[in-house]
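A.B. asks: My request is simple: use the sequences and hints to build the entire structure.
Residue-level listing of the chains:
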Amino acid sequence: MSIKKSPIIENLRKMQMIELLSKERRLDGRSLTDFRPINIKVGVIQKSNGSAEVSVGNTKAVAGVKIETGTPFPDTPDQGLLVVNAEFLPFSSALIEPGPPDEDAIEVSRVVDRGIRESQMIDLKSLVIEPGKLVYCVFVDISILNMDGNIFDAAFLAAVSALLTTTFDKKIAKEDGSFEVQKCRLPTRCIPISITSITIGDAILVDPTEEEESVQDSRLTLTFNDQGFLCAGQKGGSTGISKEQLFKIVEISKAKAEELRSLVKKVIENA
Amino acid sequence: MIDENGIRLDGRRWDELRPIRIEVGVIKNADGSAYIEFGKNKIIAAVYGPREAHPKHIALPDRAIVRCRYHMAPFSTEERKPPQPTRREIEISLVLRRAMESAIFLEEYPRSIIDVYVEVLQSDGGSRCASITAVSAALADSGISMRDLIVGCAVGKIDGQIVLDLSDYEDKEGEGDMPVAYMPNLDKIVLLQFDGIFTEEEFKKAIDLAILGNKRVYEILKKALIEKYFGTVEEK
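Order-wise, the sequence lines are chains A and B.
Just so you know, we're using our numbering here: the first sequence kicks off at 32 and counts up by one.
Just so you know, we're using our numbering here: the second sequence kicks off at 7 and counts up by one.
To be clear, the hints were calculated from the coordinates, so they are not data collected in a lab.
Please note: incorrect hints may appear among the correct ones.
[As the list claims (entries may be wrong)] Straight-line C-alpha distance at most 25 Å; calculated PhoX-like pairs for lysine-lysine:
| hint | chain 1 | residue 1 | chain 2 | residue 2 |
| --- | --- | --- | --- | --- |
| 1 | A | Lys297 | A | Lys72 |
| 2 | A | Lys201 | A | Lys97 |
| 3 | B | Lys234 | B | Lys221 |
| 4 | A | Lys274 | B | Lys228 |
| 5 | A | Lys285 | B | Lys210 |
| 6 | B | Lys211 | A | Lys274 |
| 7 | B | Lys211 | A | Lys285 |
| 8 | B | Lys178 | A | Lys156 |
| 9 | A | Lys54 | A | Lys297 |
| 10 | A | Lys297 | A | Lys97 |
| 11 | B | Lys228 | A | Lys279 |
| 12 | A | Lys214 | A | Lys201 |
| 13 | B | Lys178 | A | Lys164 |
[Claimed, not checked] Which chain B residues stay away from chain A? Per the calculated CB distances, all over 12 Å, these:
| hint | residue |
| --- | --- |
| 14 | Arg18 |
| 15 | Trp20 |
| 16 | His60 |
| 17 | Pro80 |
| 18 | Ser118 |
| 19 | Gly202 |
| 20 | Phe204 |
| 21 | Ile226 |
[Unchecked claim] DEER-style ranges, computed between Cβ atoms:
| hint | chain 1 | residue 1 | chain 2 | residue 2 | range |
| --- | --- | --- | --- | --- | --- |
| 22 | A | Asp109 | B | Thr205 | 49 to 57 Å |
| 23 | A | Gly208 | B | Pro91 | 38 to 46 Å |
| 24 | B | Asp68 | A | Lys297 | 46 to 54 Å |
| 25 | B | Thr83 | A | Ser157 | 23 to 31 Å |
| 26 | A | Leu51 | B | Lys234 | 27 to 35 Å |
| 27 | A | Glu206 | B | Lys211 | 30 to 38 Å |
| 28 | B | Ser151 | A | Glu128 | 41 to 49 Å |
| 29 | A | Asp257 | B | Ala65 | 42 to 50 Å |
| 30 | A | Asp59 | B | Thr83 | 25 to 33 Å |
| 31 | B | Arg57 | A | Pro132 | 40 to 48 Å |
| 32 | B | Arg86 | A | Pro132 | 20 to 28 Å |
Treat the numbers as computed from the prediction; the structure is a model and nothing was measured.
All C-beta atoms in this analysis are idealised placements derived from N, C-alpha and C, irrespective of residue type, glycine included.
C.D. replies: Right, dumping it as structure tokens:
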């Protein structure tokens, strides 16, 4: 994705961008720490157990949750399964071709997976029907519909919003050994939020567009839980980052995560 | 996992690394190679290139491209790992490649490709950190120009405490793991991933500890490279 681009245009754009950055401005008029407009719609796919469509500026993602039963992993017999998968649809950008997920798509699924898992958003221990034999599997599939930078946060918001509105038919064992089916909400404990920033020189830009990403030095995706603790992170970009800049990004992202969390809360309450 | 005397399960203190051994130039056919033992990790990294890019259309007019394959041998883990690459291996190949791109002077080798292969013969905690150290030794051995060497070492959180260099068991049972790769002379972090709960203070402490650990790995790496090219090093 990032490999095939005209370096001449990139360098000119980069110069223009850096000139603006010295005045703390961006090409689209935002301040350095502003997100683009975020729009979250839940319950868009009726056949899924939970779903959400999210747009962050022109970046658009849809996530659907399916809950099925299956066998647990041998090393975690007392836990349900969480499987996250992300796909860049071929029409999402001129640079994407059909085929199995490439390394960039795999990175998105794994970063979203870690954020949800490590924040302990889902109580996987409560998703056991018979220990070691039968558990619920939570499949979160994310499709990227349109790409304009910051795929990570759009995918993460879609996944989290979908999970927060997920319901499923829970089998409850009765005394005579038979099962009763009851519609339940997926048990969630918190709302994890991921914030992606990039650095260009000394400047730190939150929620980069694709154009900004194409001239980035480093990228950093950080996930925070409700208490504002870090629970997952991933560096991207092919340039090193200093410790001081890293700590600065943690500080900015922590405040941003609060903002986004109240937005998600509002959407879920009104759903 | 830490007893009342502050000793971990394998006898180390919180700020101690596992034993590390690095040997440079182990694969004769490759342009550069290195072998690393990092705790129970046994990893070989080898470099071919810069050479003509193939297929040709992937070449770039102004710089080299780097291709990296991190692979774990089927016998490297407790349970056999199927030989085809997993999502984890593809992701690690990606983060290793980015770390290398930060260090290599790519613009010195336009239109060419640098192939880097990493094979994990036996895995333990922190295999990606051990891998990047071996990779940078192999790149140095191949003579490719670099801004700095890269060293890697993980930090983590066990029993609520930030400790250096998690073992396999500590990684699985602990509360958090944070692999960090670092360019010691430029003072830049080139690989950072983490999972597990860290407060802002713990995060900062972890980064500081990782840099400290990495500086020690750097001394070992430097010594291994000097040994390869100048014979045994005299102790200071």
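A.B. asks: What are the numbers of the hints that this structure violates, sorted from low to high?
C.D. replies: Per hint list: 9, 11, 19, 20, 22, 26, 27, 28, 30, 31 violated.
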